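Participant: Letter by letter, the chains look like this.
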Amino acid sequence: MACAALTPVIPTPVAWHIGVAGSAGSPSDGVLVSRLAAGDDAALGALYDRHGATLYALAFRILADRDDAEEVVMDAMTQAWRASGTYSADRGSVAAWLVVLTRSRALDHLRSRHRQARALDRAAALETDGALAMGDQASDAGAAAEHGERRARIRAALASLPEPQRVCIELAYYQGLTQTEIAAQLGEPLGTVKTRMRLGLLKLRDTLQPLLVEMLA
Amino acid sequence: MTTSPLCDLAEAYALGALGPGEAQAFEAHLATCMHCPEAVRELRELTALLAEAAPRAVPRPELRGRLLARVREEKRLVTPLRSRWTLWLAWAAAVAGLMFGGVQSVRLARLSWRVSALADSLSQREARVVELERQRSAVLDASTALYRLSATADTIRRATGPAGAQVFWSRDRQRWLVHAFNLPPLPEGRAYQLWYVTVEAKISAGLLDPDPEGHAVLVVDVPVPARAATLAAVSIEPAGGSAQPTGPIVLAGSVAGGR
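Going line by line, the protein sequences match chains D and S. Note that the first sequence ends on residue 236 in our numbering; no numbers are left out. Note that the second sequence ends on residue 268 in our numbering; no numbers are left out.
Some hints could be false.
[To be verified] Some chain S residues near chain D, calculated using beta-carbon distances under 7 angstroms:
hint	residue
1	20
2	26
3	63
4	72
5	76
6	78
7	216
8	217
Just so you know, these hints were derived from the structure itself, not from any lab. This one's a predicted model, so the numbers in the text were calculated from it and none came from an experiment. Just so it is clear, CB atoms sit at the ideal spot from N, CA and C, and this is done for glycine as well.
Generate the whole structure from the sequences, applying the supplied hints.
Facilitator: Structure representation (structure tokens):
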């Protein structure tokens with residue numbers, strides 16, 4: 020059931036593992052978080068090694084600025100460190116907890132920036148670069164391939180949605196817009212937006228069921 | 010299986026796409042619905058998966074080191090001082106051990122450790138409250154006016170928001186209480202310096218020393234030549250400050266209009 024933590028063949032300064040549950044010799048996310056609560060900063064390093072790439076990629080997709088994205092990841096991980104005592108597994112996976120911390124900080128940052136349109140343009144430009152860049156780093160080929168495969172699967176699931184549904188979800192996810200704001204931006208009735216978002220997420224949930232089962236186990 | 014119209018909001022709620030009113034209504038619904046909490050939990054995991062759909066991007070390698078350095082520094086600052094209390098209570102525990110022996114002394118030792126940690130935390134907080142009271146009473150009175158300094162560029166900020174400062178000026182006591190926030194950390198050898206700006210001169214008010222969160226508080230008596238100040242400004246100077254501003258001005262605002 021677990022996604023194994025893959026070590027790259029050629030050691031890199033940071034090895035990007037897929038850590039959901041632990042594999043032989045490497046502690047699970049839950050264990051690492053309980054170590055955080057005990058003040059073990061090496062556990063924070065391990066969590067960063069596992070999840071940092073995803074959190075940074077998300078922050079960067081939202082903010083399209085390297086310094087801002089790095090600061091958001093730093094602040095989110097610092098908050099995870101401080102609030103480690105409040106995490107409990109019945110609220111969800113550690114990965115989801117970290118993503119929520121990161122995404123909410125990134126969106127706060129975006130809102131206070133008053134430059135959403137520019138970020139959209141830059142992010143749109145980066146989307147194509149990102150697609151080309153997927154899986155092209157030979158030095159951590161193993162981890163990148165595994166990440167790339169999961170990413171490809173999730174992006175395929177998104178791409179399989181009818182475009183109106185996908186657009187609503189992406190506006191909410193990467194720009195933090197509410198349904199009301201999305202309706203205003205698209206010039207669509209609120210009810211239409213609500214239905215599209217709901218159907219789109221339900222379809223994604225069904226398509227990505229195998230991956231979800233792993234995270235929730 | 011939908012039992013309430015509010016159940017339909019679960020997807021949008023998990024995505025954070027509800028307005029505040031709807032979100033509150035849904036949270037109230039969550040407490041009573043049999044089906045939604047599990048649905049929200051699953052949908053939250055879905056939003057975590059969506060994070061992996063973002064195009065691959067890699068932070069600079071230094072980020073890891075900076076993160077760990079920050080939390081180690083926090084650890085160091087937060088560790089309470091145990092000296093007096095621990096010694097006293099450890100002595101009491103030892104005495105109890107001699108008198109009652111075995112299990113009781115272990116229990117007492119554990120209890121004493123916890124009490125000492127709480128006592129240290131409490132005394133730290135009390136000291137902080139006393140300090141804040143002192144600062145507040147030093148400057149707030151009927152003549153106090155409040156001014157606001159703003160960041161001079163969008164880059165002067167932290168993730169929590171743009172930098173800024175509040176300046177409380179008591180005209181009766183000629184004293185400033187300055188509270189600056191969201192100050193980004195400075196490189197080694199640099200410091201934030203506050204200036205009274207009059208028509209004729211820029212007079213130093215002192216240095217601002219931000220904490221890890223970017224907050225700094227300064228209480229100063231306003232010297233006679235500075236009492237005509239119409240502006241306040243914060244610039245970046247070499248550590249230790251300068252006689253006159255040499256570096257970029259990062260915060261500025263009007264302080265004119267008092268009596």
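Participant: Give a verdict on every hint.
Facilitator: Hint check:
1. A hinted interface residue such as residue 20 of chain S counts as satisfied when its beta carbon comes closer than 7 angstroms to some beta carbon of chain D; here the least separation is about 4 angstroms, so the hint holds.
2. For residue 26 of chain S, the interface hint holds, the least distance from its beta-carbon to any beta-carbon of chain D being 4 angstroms, beneath 7 angstroms.
3. Interface hint at residue 63 of chain S: satisfied, since its Cβ lies 4 angstroms from the closest Cβ of chain D, which is below the 7 angstroms cut-off.
4. A distance limit of 7 angstroms between C-beta atoms decides the matter here; for residue 72 of chain S the minimum to chain D is near 5 angstroms, and the interface restraint holds.
5. About 5 angstroms separates the beta-carbon of residue 76 of chain S from the nearest beta-carbon of chain D, less than 7 angstroms, and the hint is met.
6. At about 10 angstroms, the closest approach between the beta carbon of residue 78 of chain S and any beta carbon in chain D exceeds 7 angstroms, and the interface hint on this residue is violated.
7. Annotation: interface hint on residue 216 of chain S violated; nearest CB of chain D at approximately 24 angstroms, more than 7 angstroms.
8. With 7 angstroms as the threshold, the beta carbon of residue 217 of chain S stays out of range of chain D, its nearest partner Cβ sitting at about 20 angstroms, so the hint is violated.
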